[in-house]
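**Q** Please put together the full structure from these sequences, using the hints given.
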Amino acid sequence: MTPRSRPDHEIRRTVVVLGAAGLTVIATGAVLDTLWLLGLGVWGVIAAMVIELVYQP
Numbered sequence: 001m002t003p004r005s006r007p008d009h010e011i012r013r014t015v016v017v018l019g020a021a022g023l024t025v026i027a028t029g030a031v032l033d034t035l036w037l038l039g040l041g042v043w044g045v046i047a048a049m050v051i052e053l054v055y056q057p
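With the numbering used here, letter number 32 in the sequence shown gets 32, and the count goes up by one each step, no holes.
To be clear, the hints were calculated from the coordinates, so they are not data collected in a lab.
Among the hints, a few may not be true.
Computed beta-carbon distance windows for the label pairs [unchecked claim]:
id, residue 1, residue 2, range
1, 31, 6, 17 to 25 Å
2, 9, 33, 32 to 40 Å
3, 50, 9, 27 to 35 Å
4, 39, 5, 29 to 37 Å
5, 35, 56, 19 to 27 Å
6, 14, 39, 17 to 25 Å
Ideal Cβ placement from N, Cα and C applies to all residues, glycine included.
**A** Next up, the structure:
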């Protein structure tokens with residue numbers, strides 16, 4: 001396994017933070033039965049997945 005550079009770690013951290021925040025907002029929206037929070041959380045998870053797919057270390 002090759003060591004990762006600092007930008008790789010920053011991108012990975014961004015993806016994890018976006019995904020975790022998205023899942024948290026989705027769960028909050030589900031508990032409060034608020035559709036706009038669910039949508040916002042889904043877009044956060046989608047953004048995390050797109051960054052992960054597009055960024056090739």
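**Q** Does each hint fit the structure? Answer for all of them.
**A** Right, here's what the structure says about each hint:
no. : hint                : verdict
1   : 31 / 6: 17 to 25 Å  : 37 Å, violated
2   : 9 / 33: 32 to 40 Å  : 38 Å, holds
3   : 50 / 9: 27 to 35 Å  : 19 Å, violated
4   : 39 / 5: 29 to 37 Å  : 35 Å, holds
5   : 35 / 56: 19 to 27 Å : 35 Å, violated
6   : 14 / 39: 17 to 25 Å : 21 Å, holds
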